[in-house]
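Chemist: Now for the letters of each chain:
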Amino acid sequence: MRKSNFMDSKELILNKVKEKFGQAIEAISDFRNDLCFTINRNQIVELSRFLKEDSELEFIFCKDVTAIDWAARKNRFTTVYHIYSFKLNFNLRLKVNIDVDPPAVETVTSVWKSADWYERETFDMYGIKFLNHPDLRRMYMPEGFEHYPLRKDFPVIGIPGSLPLPNKAE
Amino acid sequence: MDRIKQIYNDEKLLKRLHEDKDITIEDVLENEMVINMGPQHPATHGVLRLVLRLDGETVTAIVPELGYLHRGYEKMAENMSYVEFIPHTDRLDYLATLCNNVGYVLAVEKLAGIEVPNRAQYLRMIISELSRIASHMVAIGTFAMDVGAVTMVMWTFREREKIQDIFDRVCGARFTTSYTRIGGVASDFDDEALRMTKKIVYDLESALVEMDKLMLGNKIFIDRLEGIGILPMKDAIELGITGPNLRASGVDYDVRRAKPYLFYDQMDFNVPIYSEGDCLARYFIRGDEVRESVKILKQLLDKIPQGEIRANDPKKVLPNKTEIYSKMEELIHDFMIINFGINPPVGDVFHSVENPKGELGFYIVSNGSGNPWKVKIHSPSFCSLQAIPLLCKGAMISDVVAIIGSLDPVMGEADK
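First to last, the protein sequences are chains B and H.
Just add 3 to wherever you are in the first sequence, counting from 1, and you've got our numbering.
Just add 245 to wherever you are in the second sequence, counting from 1, and you've got our numbering.
Honestly, the hints are just simulated from the structure, not real lab data.
It cannot be assumed that every hint is accurate.
What the hints assert, rightly or not - The calculated lysine-lysine pairs, modelled on DSBU-like cross-linking and capped at a C-alpha distance of 30 Å, are:
1) K98(B) <-> K19(B)
2) K504(H) <-> K13(B)
3) K479(H) <-> K98(B)
4) K55(B) <-> K355(H)
5) K479(H) <-> K132(B)
6) K504(H) <-> K116(B)
7) K355(H) <-> K21(B)
8) K23(B) <-> K504(H)
9) K132(B) <-> K77(B)
10) K77(B) <-> K320(H)
11) K355(H) <-> K13(B)
12) K638(H) <-> K132(B)
13) K77(B) <-> K23(B)
What the hints assert, rightly or not - The following residues of chain H were derived to be distant from chain B, with all beta-carbon distances above 12 Å:
14) I280
15) M399
16) A556
17) I577
The beta-carbon is built from N, C-alpha and C at its ideal position, and this holds for glycine as well.
Please build the complete structure, drawing on both the sequences and the hints.
Modeler: Laid out in structure tokens, this is it:
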């Protein structure tokens, strides 16, 4: 019962998204039953709004926003969105390959409010600018910090002198 | 307000103000005061820092600042093998270490495609539920303590202590358990551990009744929490709140029910839901969840099968220590897994489990090598904290403490 529901939902989402965004979908993957759309950078907000507001899909819950640094690839960064629909009981993943330098992508906070902090965290860790974000500050690292720790060129031991330490007592 | 600004901008006037003892500010409430709470404040449950703007005793704006416990676990995960990261999951939500262990290995098993024997899955469920009870005991106790009922914390910690003793027996550590392994668990429950679990399960019911008697007959406690920090259902979903906090706002969403992992689909339990969404509802829901966990534990103890506790998959699952010292094959496999990792196929998975604090998800990207290319931890406390500006705006300053306590954040998880 549960399995067939899952397959039905998947068919429904695939058909709806393909029909509406046929050209903008760059790739569809289904590794280990995690459905994932890779969408053109300019269409992410439209797709998000469509998935949220369509009465049959209702992906109203944004679980997570993060990014991947591919290091050697041409389009170095990919942002990843995990969203959930209570109606279909379905986890969906969206990906955007960022093809501009410095990396920037339109924010989805206008669609899901919860993306606010997730995007701040992603900005903090990867230095991806989320355009039109209401409050794009660093989440974890101190404000004056210049580097982006989760980029692959940032060493694990850190960069000496990048974090100001208190002076030693004489 | 403008007059006060004028005074502070004018040096001469300001000097006079400091010297003259007779000058007082006429309307005190027109002053807005910015105060800093934390990161070393006992009521913030760790190193959470809040900056509040106050008008008298009312909070007009509040900004949470995170990052005082940021250890960069996601970065560290990229530089160690899948097996090596298990102990680090203990340090995320340090009140429910075993739930994190289980969540992480389930994600890796989904990525690598490993089938785990039934007994190991049952053991994982038992420790998850025990861990959930222990975590909720801390949540209830410290929450009650935050709002002034100090006795409660002694009672809940007494129960938690018994559960920690089981962890001590089974995992060898009370706090930093690292109990699960990829493809199974580290050690089996012996008869004594099962007996202790059984005893806890039956003792807990009377203890919960006692606790209810203590708290629910207490008018001060109820009045202090009722109608405070109301989180409406719509906002809870918008802000991405998960777990008990979401269910206290009336959303029927529990990962154990929505996307059953392990054998939760075979268990008979209810998902408690409250529609009020205030601090009192968030207090009650944790007590109810403990009762449901007790119910699940009883079924688990009845049903637990005999058998292996680790999968027979030598290329991906660590062999038994005794076999490593006596057999050549096992020694080679152990060497390969420890030094080069388990090399799951190229791809990415997201797997989430229901933690005591909410939905804990791991997003793992593999490029086929022994180390994960990326690990993203979706932590429930981080999401819960995002609701603080909404909940605290317009509340009294003393209610801020109650609201934080009711959300039950753990900074080890929120800061990663």
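Chemist: Regarding the assertion that A556(H) does not contact chain B, is the least Cβ-Cβ distance greater than 12 Å?
Modeler: holds (17 Å)
Chemist: Between K355(H) and K21(B), is the straight-line Cα distance small enough, at 30 Å or below?
Modeler: holds (27 Å)
Chemist: I280(H) clear of chain B by more than 12 Å, beta carbon to beta carbon?
Modeler: holds (20 Å)
Chemist: Given the proposed pairing of K504(H) with K13(B), does the C-alpha separation stay at or below 30 Å?
Modeler: Roughly 15 Å between the alpha carbons, so the hint for K504(H) and K13(B) holds.
Chemist: Does the claim that I577(H) lies outside the interface with chain B hold up, using a Cβ gap greater than 12 Å?
Modeler: holds (29 Å)
Chemist: Between K479(H) and K98(B), is the straight-line Cα distance small enough, at 30 Å or below?
Modeler: Roughly 26 Å between the alpha carbons, so the hint for K479(H) and K98(B) holds.
Chemist: Does K355(H) sit within 30 Å of K55(B), going by the straight-line distance between their CA atoms?
Modeler: Given pair K55(B), K355(H) holds - Cα atoms ~28 Å apart, limit 30 Å.
Chemist: Check the hint pairing K355(H) with K13(B) against an upper bound of 30 Å on the C-alpha distance.
Modeler: holds (19 Å)
Chemist: Check whether the Cα positions of K132(B) and K77(B) lie no farther apart than 30 Å.
Modeler: Distance of about 18 Å is within 30 Å: holds.
Chemist: Is the Cα-Cα distance between K77(B) and K23(B) 30 Å or less?
Modeler: Given that 30 Å is the threshold and the Cα spacing comes to 28 Å, the pair holds.
Chemist: Are the Cα positions of K98(B) and K19(B) separated by 30 Å at most?
Modeler: With Cα atoms ~17 Å apart, K98(B) and K19(B) stay inside 30 Å; holds.
Chemist: For the pair supplied as a hint, K479(H) and K132(B), confirm whether the alpha-carbon distance does not exceed 30 Å.
Modeler: holds (28 Å)
The structure fails none of the hints (numbered hints given earlier).
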